[in-house]
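2 protein chains.
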Amino acid sequence: MGFGESEEQLLSKVATNGGHGENSSYFDGWKAYDRDPYHPIQNPEGVIQMGLAENLLCHDLIEEWIRKNPAASICTEEGVSQFSAVANFQDYHGLPIFRQGVAKFMEKGRGGRVRFDPERIVMSGGATGAQETLAFCLADPGDAFLIPVPYYPAFDRDFCWRTRARLLPIHCDSSNNFNITTSALEAAYHQAQKSNIRVKGILISNPSNPLGTTMSKQTLQILLRFVNEKRIHLICDEIFSGTVFKSPRFVSLSEIVEADPTIDRDLIHVVYSLSKDLGLPGFRVGVIYSYNNAVVACARKMSSFGLVSSQTQYLLGCMLGDEEFTSEYLVENARRLAERHGVFTAGLARVGIRCLEGNGGLFCWMDLRALLKEETVEGELELWRVIVNEVKLNVSPGSSFHCAEPGWFRVCFANMDEETTERALRRIRVFVNGEGEEVKMMKTKKKKKNGWDEELRLSLPRRFEEDLVLTPRLMSPHSPLVRATI
Amino acid sequence: MGFGESEEQLLSKVATNGGHGENSSYFDGWKAYDRDPYHPIQNPEGVIQMGLAENLLCHDLIEEWIRKNPAASICTEEGVSQFSAVANFQDYHGLPIFRQGVAKFMEKGRGGRVRFDPERIVMSGGATGAQETLAFCLADPGDAFLIPVPYYPAFDRDFCWRTRARLLPIHCDSSNNFNITTSALEAAYHQAQKSNIRVKGILISNPSNPLGTTMSKQTLQILLRFVNEKRIHLICDEIFSGTVFKSPRFVSLSEIVEADPTIDRDLIHVVYSLSKDLGLPGFRVGVIYSYNNAVVACARKMSSFGLVSSQTQYLLGCMLGDEEFTSEYLVENARRLAERHGVFTAGLARVGIRCLEGNGGLFCWMDLRALLKEETVEGELELWRVIVNEVKLNVSPGSSFHCAEPGWFRVCFANMDEETTERALRRIRVFVNGEGEEVKMMKTKKKKKNGWDEELRLSLPRRFEEDLVLTPRLMSPHSPLVRATI
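So the sequence lines, in the order shown, correspond to chains C and Z. For the first sequence, the residue numbers in numbering that gives the first Met the number 0 are 0 to 485. For the second sequence, the residue numbers in numbering that gives the first Met the number 0 are 0 to 485.
Be aware that one or more of the hints could be misleading.
Where chains are identical, the list cannot tell them apart; a pair therefore holds if satisfied intra-copy or between any two copies.
[As the list claims (entries may be wrong)] Restricting the straight-line Cα-Cα distance to at most 30 Å, the calculated cross-link-like pairs of lysine-lysine (DSS-like) are:
id, residue 1, residue 2
1, 107, 67
2, 193, 12
3, 229, 12
4, 12, 107
5, 372, 67
6, 391, 103
7, 103, 245
8, 216, 103
9, 391, 67
10, 12, 391
11, 193, 67
12, 229, 372
Worth flagging that the hints you see were computed from the coordinates, not collected in a lab. Source: prediction; values computed, not measured.
Using the sequences provided together with the hints, build the complete structure.
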C-alpha cells in the first residue's frame, strides 16, 4: 500500500518519508528467507538464513546457569517473593544489581583492563534505542555524524530516522583492508563543511559490523585526536566486543581514554548491548556508557521510552553478577566462535573464496569480486540475486552496507547448527564449481525478465502494507527455531 | 549543574531545552518523598508517597498464578526448553501468544463488548513509548494536539519532548465536573487556528488521570463527531480501563467506533498498557491499537526502539491467555479498588474534604479550595508545600496537571497497604482539625525564609546534575518495598 496525498497530510513526514530504510536489499534478503525458509526435514531445499548476526552457539551455557539458579527468576517458587518489588520497579536508573552486573560484564569483556562505573550505565531498548538516544542528545535535525563505510544498514534507521540527523561516509576500501585513514577522515569532514553541514561527531563500530575486524590502537588514536581537535563527539558501538575469538585482541576505546588525560571525556560515548555477546536480542538490553555527565543525565531521562523490563533486569543482574559463570562463558563463547569461523572460512577457501581476515563478530566479509560480471552495484546485486534465489543462501550484499567497492558480501555463521553450516558450504561449493553454468542461467533468466528480480524489493511488514490477511503467524526475520516452537 | 554556552553547542537543543518537564511540582513531590520516605518501623514520621498511580492491591493473585504455572517462565525447569527460542526472538510484531493474550485481556477489560484484532496490537516501551510513537506518526514539529485539562503531567514529555509536537489545552473546570463541552472544544481549535498552529488531533485519557472519572458515551460522541468533521485524529489513552470499580461502567472508544460506520477509522487510535490494570509498570508493556493500517505499519517499525522483552512477552502471553484467571483478576481488582476508594473517601469526608465523584483510576481528585489562602497557583503551591513538608504526604497539586482552577489535588490510594492508608488519613485529620495552627506555622516559616521552599524545585536524577556522589543506590521514585529488598 502506498500513501496517497491525503494520507501524507494525515500522517507525519517521518511516517511517510521512507526514512526507516526497510526497502533495502539487506532486509529484502530476509524476506526471501521468509518466503521459503530452510528446515532440515520439512524444507531442506529452502533458503538458509545467513543474513542475521545472531549468536546461538552458547545458549546451552545460559540454560544450565538458569537451572542452577532458580532464585534469579521472579517466576519460580524460589524467587517469587521478589515478584511484587521487581514488577513494580520503574526507576529509570535501573536496578542496582543490573547496572553493577552489566558494568562488571563489560569490564570482563575487555580483559579487565578498564573500569566501568555502574552509575554511568544508561539503559536503552537494545543498541537500536541506544543509538537513537545518543543522536537525540547530540545532534539537531540536519547535523551529521561521519561514519566509515561499510557500516550496519540499520544505523540509518537508528541514528537518523526520527532524529533527522545525518550520516556521512568516510571512504574506506580493500586497498588497506578497509582501515580508516587520516586523509579519508579529513576529506569527509571537509566535504561536509563545503556543503554547510555541521559535523557533530564520528560513529564507529568496533569490532566492525560487517567487516568482522577490530580497530587497532593506532586507528583509535587517530580518531580520538581528530575529535579532540575538532571538538566533536566519538560514539563507539562495541556490541560485538565479546565475540573477538582470535588475535589481535580487542582494544576498547575506554582503554585508551583512561590512559590519556589529554582526551576530552565529554566527547566520548560507548554503546553496548547483550544481544550479540550473550545472544539475547529478544531481551532488548542496550546500554549507553557516556563519559559526559550531561549526556548521562539526558540519556537517562530519554531511557523512559525504552527501559529494559525489570523482570529481565533482575535475571541478568543476578547472572552477570556471577563472575565465575561470566568468565567461563566468555572463554567458551570465543572458543566456539573461533571453531565455527575456522570451519566456515576453510570451507570457503577450498573453493577459492577468500574473506577479509577477521578476528571477531558473527560473520565474514566475503570477497566475491572475481565472480562479478561487472564491477558495479548492479553487477553485485545481480550476483546477490543468484545467491539468494538459486544457491538459496541469504547473504547480504556490500552495497546494503554502503560499501563503495562492489563484490563484497556479509555472511553470518553463528546463527545455525553444524549441519546447516555444512549444507551452506556444500551449496557454495556446487555454485562455484559449476559457476559457468550458474552465471549462464542467470543471464538467460535476465533476458526472460521473469519478474522475480523486480518483485524482491518489498518492505518487510507486508501485512498492512500489501494486503490484510490477518492471520496470527510469524512473518518477519527470526530463527527457524522460533518459528517451530512458539 | 546548568549548561554553559559551550555545553549547549556540544549537545542538541532537545538535550538542553528543558522539554522533559521534570522540573515541575509533580516530580518535586517525589523528590521530597525520596529525601524522607515513610517506613512503618524505620521512619514512621517520613513522607507518605501518595503521588504515584501504582496498583499494588492484587500482586498476590499474580504471584499465585505464577506458582501454579511454572512452564510460563523460560527460567524454570519446566519452561527452560523454550529459553533459546524466546531469548532470540526479536520480531517487532511480537510473540503471537503475547499479542493474542493482550487483545483478549483488552476485550475482557471492556466487558466483552468489543473485539481487538491481535494483528493491530503494536508493542511499545510502556504507555510512555506509545504516546511518543503516535506523536511521531501523526504530527510534524510544531503541530498540535488538543487536550482537556487537567491532564497527566508527563504527557508533555511523552508526546512533545523529542517529537517537537505541542499540546494545547481544552478548558474544563469544576462547574460541570470537568467535562468536555463542545464550546470549549471549538474555542481551543479556533484559538490554535488564530495562532497559525496546525491541529492534528485530540488526546484524551479515559478513565481520566487525574480525575478518576470515566467519559460518558455522549462526550465520546461529541469528540468523535468533532474529529470526523475536522478530519483530525483522536488518541484515547485507556490505560486505566481495568480500574473502573463502580458505576457508571466504562465505555471504551472502540465500542462506539464499532457501532458507528460513519466514523472514519483512520483517525482512531487507542493506547493501552499493563502498568496500571495489572500493576506491572516495571515490565514496560505499552500497546498502540490503531484502526489506521498505515499507522499500524509505521508504529510497528518504530517499536524497534522500545520492544517488550521477549521474556516478559512470553510470561504475560501465557498469563493473559488464561481467561479464567483474567476474569477473576478483573473482578477482584475492581472489588479491592472500590473498597480502598471507599475507605479513603469516607475518611476524607469525616473531616469535610470532598473529592470529585470518581468511578475509576488509582486516585481521587481532592477539593481543597476551601483551604486556600488565595485562589491562585501560588496559593495552591503554598498549601501543597505545607501538605508535603508539614503533613508529610506527597500529593500532587492540580497546577502540575495544568488545571486552570486552583485548589485541586490528586491523591493516590492504591500504592500502599491498609495501615499506611489509615496513617495518611490520620495525618489529614490532624491537619484539618488543627488547620489554623498549621497555616500560622507556615506563615511564620515563610517569614523566616528558611530556604526549604526554594530548594524544593530540583530536578529528579540529581546525581549527575548536582554532584557526583556515585554510590550505587536507589534514588528516584519507587515504592518503599523496592527500596527495602533489592
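Status of the hints after comparison with the structure:
| no. | hint | verdict |
| --- | --- | --- |
| 1 | 107 x 67 | within (22 Å within a copy, 38 Å between copies) |
| 2 | 193 x 12 | both (27 Å within a copy, 24 Å between copies) |
| 3 | 229 x 12 | between (33 Å within a copy, 20 Å between copies) |
| 4 | 12 x 107 | neither (44 Å within a copy, 36 Å between copies) |
| 5 | 372 x 67 | neither (56 Å within a copy, 63 Å between copies) |
| 6 | 391 x 103 | neither (42 Å within a copy, 39 Å between copies) |
| 7 | 103 x 245 | within (22 Å within a copy, 50 Å between copies) |
| 8 | 216 x 103 | within (23 Å within a copy, 55 Å between copies) |
| 9 | 391 x 67 | neither (41 Å within a copy, 45 Å between copies) |
| 10 | 12 x 391 | neither (37 Å within a copy, 48 Å between copies) |
| 11 | 193 x 67 | neither (60 Å within a copy, 67 Å between copies) |
| 12 | 229 x 372 | neither (43 Å within a copy, 57 Å between copies) |
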